[in-house]
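Mind docking chains B, C and D on chain A? Use the hints.
Protein chains: 4
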Amino acid sequence: MFNNNIWSFGNSAVNAPYGWSQNKRTGRREKSTNSEPTAKSEAPCEALKNIDSGVVLCDMSDGEIIDLLAEGKIMHYELEKLLGIENSDRAVKLRRMHFAANTPISAEAIEQLPHEHYDFSQVTGVCCENVIGYMPIPVGVAGPLLLDGKTFMVPMATVEGALVASTTRGFKALARSKSGQGVTSILLSDGMTRGPAVQMPNAKRAGALKQWIEDPVNFAKIEKEFNGTSRFARLQEIKIGVAGRKVFLRFKCKTGDAMGMNMISKATDKALKLLLVEFKDMELVSLSGNYCTDKKPSAMNWLEGRGKSVVCDAVIPSDVVKKVLKTNVDKLVALNINKNLVGSAMSGSVGGFNAHASNMVTAVFLATGQDAAQNVESSNCMTLMEKTADGDLYMSVTMPSIEVGTIGGGTHLHAQKACLSMLGVSGTQEKNPGANAQQLARIVAATVMAGELSLMSALAEDTLVSDHMKHNRAKTPAPPTL
Amino acid sequence: MFNNNIWSFGNSAVNAPYGWSQNKRTGRREKSTNSEPTAKSEAPCEALKNIDSGVVLCDMSDGEIIDLLAEGKIMHYELEKLLGIENSDRAVKLRRMHFAANTPISAEAIEQLPHEHYDFSQVTGVCCENVIGYMPIPVGVAGPLLLDGKTFMVPMATVEGALVASTTRGFKALARSKSGQGVTSILLSDGMTRGPAVQMPNAKRAGALKQWIEDPVNFAKIEKEFNGTSRFARLQEIKIGVAGRKVFLRFKCKTGDAMGMNMISKATDKALKLLLVEFKDMELVSLSGNYCTDKKPSAMNWLEGRGKSVVCDAVIPSDVVKKVLKTNVDKLVALNINKNLVGSAMSGSVGGFNAHASNMVTAVFLATGQDAAQNVESSNCMTLMEKTADGDLYMSVTMPSIEVGTIGGGTHLHAQKACLSMLGVSGTQEKNPGANAQQLARIVAATVMAGELSLMSALAEDTLVSDHMKHNRAKTPAPPTL
Amino acid sequence: MFNNNIWSFGNSAVNAPYGWSQNKRTGRREKSTNSEPTAKSEAPCEALKNIDSGVVLCDMSDGEIIDLLAEGKIMHYELEKLLGIENSDRAVKLRRMHFAANTPISAEAIEQLPHEHYDFSQVTGVCCENVIGYMPIPVGVAGPLLLDGKTFMVPMATVEGALVASTTRGFKALARSKSGQGVTSILLSDGMTRGPAVQMPNAKRAGALKQWIEDPVNFAKIEKEFNGTSRFARLQEIKIGVAGRKVFLRFKCKTGDAMGMNMISKATDKALKLLLVEFKDMELVSLSGNYCTDKKPSAMNWLEGRGKSVVCDAVIPSDVVKKVLKTNVDKLVALNINKNLVGSAMSGSVGGFNAHASNMVTAVFLATGQDAAQNVESSNCMTLMEKTADGDLYMSVTMPSIEVGTIGGGTHLHAQKACLSMLGVSGTQEKNPGANAQQLARIVAATVMAGELSLMSALAEDTLVSDHMKHNRAKTPAPPTL
Amino acid sequence: MFNNNIWSFGNSAVNAPYGWSQNKRTGRREKSTNSEPTAKSEAPCEALKNIDSGVVLCDMSDGEIIDLLAEGKIMHYELEKLLGIENSDRAVKLRRMHFAANTPISAEAIEQLPHEHYDFSQVTGVCCENVIGYMPIPVGVAGPLLLDGKTFMVPMATVEGALVASTTRGFKALARSKSGQGVTSILLSDGMTRGPAVQMPNAKRAGALKQWIEDPVNFAKIEKEFNGTSRFARLQEIKIGVAGRKVFLRFKCKTGDAMGMNMISKATDKALKLLLVEFKDMELVSLSGNYCTDKKPSAMNWLEGRGKSVVCDAVIPSDVVKKVLKTNVDKLVALNINKNLVGSAMSGSVGGFNAHASNMVTAVFLATGQDAAQNVESSNCMTLMEKTADGDLYMSVTMPSIEVGTIGGGTHLHAQKACLSMLGVSGTQEKNPGANAQQLARIVAATVMAGELSLMSALAEDTLVSDHMKHNRAKTPAPPTL
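Chains as they are written, first to last, in our numbering: chain A, 132 to 613; chain B, 132 to 613; chain C, 132 to 613; chain D, 132 to 613.
Where hints are given, some of them may not hold.
Same chains, same label: a pair holds when it works inside one copy or across any pair of copies.
To be verified - In silico EDC-like cross-links for lysine to aspartate or glutamate, where the CA-CA straight-line distance does not exceed 20 angstroms: (1) Lys462 with Glu414; (2) Lys281 with Glu209; (3) Lys341 with Glu354; (4) Lys355 with Glu202; (5) Lys335 with Glu345; (6) Lys457 with Asp521; (7) Lys462 with Glu242; (8) Lys352 with Glu561; (9) Lys411 with Glu592; (10) Lys454 with Glu356; (11) Lys454 with Glu414; (12) Lys341 with Glu217; (13) Lys352 with Asp250; (14) Lys370 with Glu195; (15) Lys370 with Glu409; (16) Lys401 with Glu356; (17) Lys411 with Glu247; (18) Lys309 with Asp412; (19) Lys518 with Asp461; (20) Lys370 with Glu345; (21) Lys401 with Glu592; (22) Lys518 with Glu414; (23) Lys355 with Asp412; (24) Lys457 with Asp279; (25) Lys404 with Asp279; (26) Lys404 with Glu414; (27) Lys385 with Asp250; (28) Lys341 with Glu356.
If you're looking for bench data, these hints aren't it; they were derived computationally from the structure. Please read all numbers here as calculations on a predicted model, not as lab measurements.
In isolation and in its complexed conformation, chain A is listed as follows (with noise of 0.2 angstroms):
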């Protein structure tokens, strides 16, 4: 079971609350056995302690309970626990009200967000807290995509018109591939990454520190420690970096079909522990010290990878280019230099060499549950184009660090787990554990490399330029070609 120091992390958060955690691989909630020493206690009757012994609150009215809690005699938050979890719905109904009487937030705002079909038990203790409703967001279908031979319709959740038409079309493009089986994706790695920040009390025992760990027989210890947290998690690599006197530590592992920021951060913390024991002049200064590196840009990310790396590429013949797409090759591969290598270097990018990778990133997220944070490093993405030698388009998208998982975070709710089910990757296999996170990351890969294609055929095409070339180009002496 979960405990709660490690409750604290997902780079997010605090104090478990309600005094439930839950399973992250099932997605199950349990009773925390280790009480969170911060909450109150969990009993309703010693919440209630305030007011009449004896009195229950889900036999209370919704007008008596709305008192209490503009008496402040109970809080919002602790809803859900004095009511149970069976009652989820009814406590976010509860807050409702007490929001819209008690606090800036109006009656009529809160009346247009929508609440009623959903099951909130699916939520407490989870996933959100304080709920009050849910935000329904379209889900549209791009597709068919024609992935390393296999079809896919992917279900794409997103308020930004025209980014699944669009994407549709460069499925469409991609998958008359010369090759006949669409986009072809490779693996290069698969490992979450969590990087504390230690301190010694000086350099020298920074150096100690880092030559101890790379012996492998220390190493095997580390290891040990590490993978005997979780039949998943298997530590791969640990990169070292040292400033002055202090070290950070890159834990790289497989997580299986989670996304495994959990995973990892318990198995780390269990290395952690280790090195303390070793090195007893060794300070944790964080669990997280930003070198994993987290929902922030960063050069980590992009040179290392981080959850999966995924290249996609096709060859696009001319004539599909000419029809589908309304450009040509020439054109492409132009633009795609001007904008997608100079522009960004010209704007100081790092990883950023793509049009808008993060478009359908995020989409892809929103609708199968993975966490949208993620999609800073995620969108991490080099799209390259080049003419064949037959003047077809050879086109990739290089995307070193693909944050996805099946099981765990917003995976096992209902709808997003439909989705999932949509693409083939729910849950996980007993088989091949982590087969389905890596054929998630397959498919944001080939839909980013989708939203690229024809987002910069539109723009090659802009009509501006058209018009443009009509009344100019004659003019003008041999321009470059390229």
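Okay, now just chains B, C and D, sitting in the frame of chain A:
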């Protein structure tokens, strides 16, 4: 009205689907007078010409329509057009049936994705295509936030457990700041950017273009064209980058309460047309040359800002740090240096000098109809902490590129609009256009600040650390205190 | 005259040694009227107070002085002061003897370092301290360079074999450019920068400072103070960065023919004093807040420029590429994309989109008395190559931050001045101050261009490649040609 | 012996001039057996075939030779070859005469550039071409440096006034560190890198190449080829980056006491040849694909290291800070955070978290025959300062990519070798190859540390600050102390 070649933008688009385009300011759909060249005719009868003439799709039974779809006589993406926008809900239902019957998507999977109780006519032609339902994201409320003396309850849409609770804890501490006004925010800059790339025959001409634009007389000409495209677009500056014969022009302008990408694309297009007249040897490379920079990491946005540049700060009394955050000022200050400055520097980050800004940005963005793909740069943030002479905690977050709007994009959808209303920033104020979007940006930054404060406190007090302290501290010879 | 607290700058300094300071424009030493507080008195007699009064060091024999040094009665760093600047050569000789006798430096080693035939009085109090001789760096001449229709022979000081020969080959090809004028250069910007950091009590006041400075009325006040410090310093702009309560101010100004760091430091100091009067709650953090950015890699200089921003380009006929460079246009263009754009992007480079700009920059800097430590940013360069419609090679180098001067620094030394004279850019032209330094910057960029062209040609034709081609090309199925 | 196509490297070269190549380890020239294809015949008689047969150039008078040069019958770059290497001094003299007579270089200018008293035969065919003299750079000595308990006097070649004096002040403070051993240094890594780019037909094959290399059996094959090229080259690792179908291979190896670029280029070339045999569809793009990364800013070197990775630290007692550095610990610590961490972060720096490391690096590099163009990455440095529990100053510098050698390059020249000898690190120790270069790297880092400490102290005590303090401090309400 929006014309088609602008439709192609917002960094995502391609063809205006269905022949409708959207008035981005009002969120209302308008029939495009300038029909999309690649789109098929919009008349249902013509679209049905393969079928018996006289038949109107609306009159058919679901089964009959599914048959037409299966036979390829009509395409699923035409359903809204063929049935009429007022029948969007039926179109969604039919598409689900069609996908379940005729694609790899299983009926079981699609069944779990909700679609009822939602008005899809709001979405059609504006926010999403090939729609099959919606993705419900739980919405929790963090608060109360005391910001510049005013109180807000902040809706956050997220599946990340503990995020809302943690942010609330941060708000609690910030509300007790020394000023009595909670968090103080300042707005340093407000301007959306678009960075097209153009090409001259050689560097000399590229230099001439730069010089021409920098001449105030010419700048005024450009400004006139630019501002003429909208009553909100107000050109502020054009940053010019030259790379050989290529010229990158970063237009920056106020965009009222809209996030502004569409507005500025249209205005930039107009400005470029003027330049094409003045410079006959200029070629447009791309309306977006990645010099904007949209949805990609870049030093550009970090150094120059994009959207709203906001700084928030507060002095949190040491006893509040102790009681609410369960840690102390020295630990927080040291951790912030080691993790958010040194750690991020060690990872080669540009703009990622924070713990998890992206979490809060994404959750508020999703709740309020923002473009979540823009969190890549909107999450740029430097968190700083210092100890004051009185021993209290001085804390600030600096966020140079928060891209938000309260009109346009997904902000017109009922639920999203509801969350904007909860914050009192829905739509635009006639007397003070731009004020709502600016207020929203301040709220985003303050929410980030709360999340940063709470997570940093949790990290500073990792039980691992405290256990270690008890056992080892005494033996360690005078370690540096910072 | 230069006062002492400015002396402390140029990003290197500390105490003005010996009590002399230098008029940086003329390179002449001047006795400091504002004596260095930490320096000992300059009077030889007082310095010798431990010795018999009445003794003057000049009258002593070498052996006697060495004895005094060995006994610690005088310090070796005082020798120039005690003997008089006109006896600098003797001071150098004595220091060598002293070091050989009394430090780990062996007599054999020091013997091999030349010191004769050099006028060290030029150096004393200006360029170097504790002098024991000079380091001879071989100077070769690359050329002729045809630049904007004029011919130059470019001196390069280097120990890197083949660099001069390779650059000469590049010049040979460039001289045959289609324009008939060789390389064309343009100057996009000319301004040195200094970026102090100041601190306000909070963000609100930081914002107020920013707003105050941006008010044209106030800017004019600052400008007046700033420009009043020198007849060359002309304030162009102040870029303001805010991080919480800290404010970074990047002053940019013209500096005539000086590289300008000292000039701008002095002027910035004056401007800051004005601000300190206006803002009583402002604290100076540092006259240099690394926002300049001097001698460090940064996106700042890449995006904003520093010193001279120069672009050079040329069209090299395809037959010249063949005959002089022994390669062809297609290979060069492809190599440039793969190495200088993709390769540098893969390495996470900001500003390093070139093959070896630093080689040429450093060699010309060393030959012309520039500050070689500034090659860190002066070498920022993007090399671009394209094939023209006629099949020729269009090439450009874009260098935004070349920091050079023709007065001040090491430019007054005989040999360094000689090399400046060879280029016709020694000193300043009264009628056109700044023109010499700008011309030098253009020459640096053109020399970089030649070096880039030649090395890229060598790389494109690696025999490894050609051998491989012969054996494998035919068998490979239609590879992309780019 | 070195063959020609390797000669072409060191990131600078082209054709081996004169037909000689250099044994980089010994610095001795050797006649190339593999004659340069593009070079003219080396035989003086043949070169003089336009002239009367039988004439030998050596027998001619200066005037006669100048005439031949003026008439173009012989070329100035052939002089050393035609006259014989032993007459290099005469060749230099003749070239000066020729340039003064026949090029834009004036006689007056060339006259001021020294050339006498120098043995140019050392330079010919090794270090420089088209030689006309040498550039004398003043050499000062900073010291004594107490490093790991040993004392060094550090020669620095510079024209930057106060640099040597300032560094000496830093050394003075560091010598009084608490450990009694002065500065402590640790070496984290030692390995030069070369990052060629190759190209496969598609991403799948790129992935196959990566996988093949990562197989230990195959790695051993590569290692054998690689190591076989030199008795020092010892392959450590190959970091593999994939971008679409392009593969970047960063070979890292020990290079004994050589800086190692030539050694590793030769070894990499051999390894690539093996790969070309194994992968018939592989194409070499470039022996250097900018993935090395040499002489360019990059996150690669900052994160991965290049050459020697060194950390230095020391605890400086607070009274030493006061007496020697004239400031206090709190000011230094605060300044370091604000300038070297926050300021550099605000400038978008990767690797430039220091005040002026490049100054010290460049001066020591120039004094010891290093490649000064490599200071771009060798100056990567993070300076950290903390206050210890005892109130003293803990300081460190972290420099991951110091590229130095004590053999090869310019280290064999008399004066440069002399400076290496002063440090006790000239040449190589047979028993411990690599130790000298490592020691030099430690000295470079310690010298940087001293320069950092001294300049930071000067900045912390700017009189501007102190004046301001006197007048304003009292009135300011409790500002943050850090």
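Here is how each hint holds up against the structure:
1. Lys462 with Glu414: Classified as between; 13 angstroms across copies, 57 angstroms inside a copy.
2. Lys281 with Glu209: neither (48 angstroms within a copy, 25 angstroms between copies)
3. Lys341 with Glu354: within (15 angstroms within a copy, 25 angstroms between copies)
4. Lys355 with Glu202: neither (53 angstroms within a copy, 58 angstroms between copies)
5. Lys335 with Glu345: within (15 angstroms within a copy, 32 angstroms between copies)
6. Lys457 with Asp521: within (19 angstroms within a copy, 27 angstroms between copies)
7. Lys462 with Glu242: neither (51 angstroms within a copy, 43 angstroms between copies)
8. Lys352 with Glu561: neither (28 angstroms within a copy, 37 angstroms between copies)
9. Lys411 with Glu592: between (65 angstroms within a copy, 19 angstroms between copies)
10. Lys454 with Glu356: neither (58 angstroms within a copy, 35 angstroms between copies)
11. Lys454 with Glu414: neither (63 angstroms within a copy, 24 angstroms between copies)
12. Lys341 with Glu217: neither (50 angstroms within a copy, 52 angstroms between copies)
13. Lys352 with Asp250: neither (45 angstroms within a copy, 58 angstroms between copies)
14. Lys370 with Glu195: neither (58 angstroms within a copy, 59 angstroms between copies)
15. Lys370 with Glu409: Cα proximity of Lys370 and Glu409: one copy only (19 angstroms, versus 31 angstroms across).
16. Lys401 with Glu356: For Lys401 and Glu356, only the intra-copy Cα distance (6 angstroms) is at most 20 angstroms; the inter-copy one is 42 angstroms.
17. Lys411 with Glu247: neither (55 angstroms within a copy, 58 angstroms between copies)
18. Lys309 with Asp412: Classified as between; 18 angstroms across copies, 61 angstroms inside a copy.
19. Lys518 with Asp461: Cα proximity of Lys518 and Asp461: in one copy and across copies (7 angstroms, 12 angstroms).
20. Lys370 with Glu345: both (9 angstroms within a copy, 17 angstroms between copies)
21. Lys401 with Glu592: This pair counts as between: shortest inter-copy Cα distance 17 angstroms, intra-copy 56 angstroms.
22. Lys518 with Glu414: Between copies only: 16 angstroms across, 55 angstroms inside.
23. Lys355 with Asp412: Classified as neither; 23 angstroms inside a copy, 42 angstroms across copies.
24. Lys457 with Asp279: neither (25 angstroms within a copy, 42 angstroms between copies)
25. Lys404 with Asp279: Cα proximity of Lys404 and Asp279: none, with 44 angstroms in one copy and 32 angstroms across.
26. Lys404 with Glu414: within (10 angstroms within a copy, 44 angstroms between copies)
27. Lys385 with Asp250: For Lys385 and Asp250, the Cα distance exceeds 20 angstroms both inside one copy (32 angstroms) and across copies (43 angstroms).
28. Lys341 with Glu356: Classified as within: same-chain Cα gap 18 angstroms, cross-chain 30 angstroms, threshold 20 angstroms.
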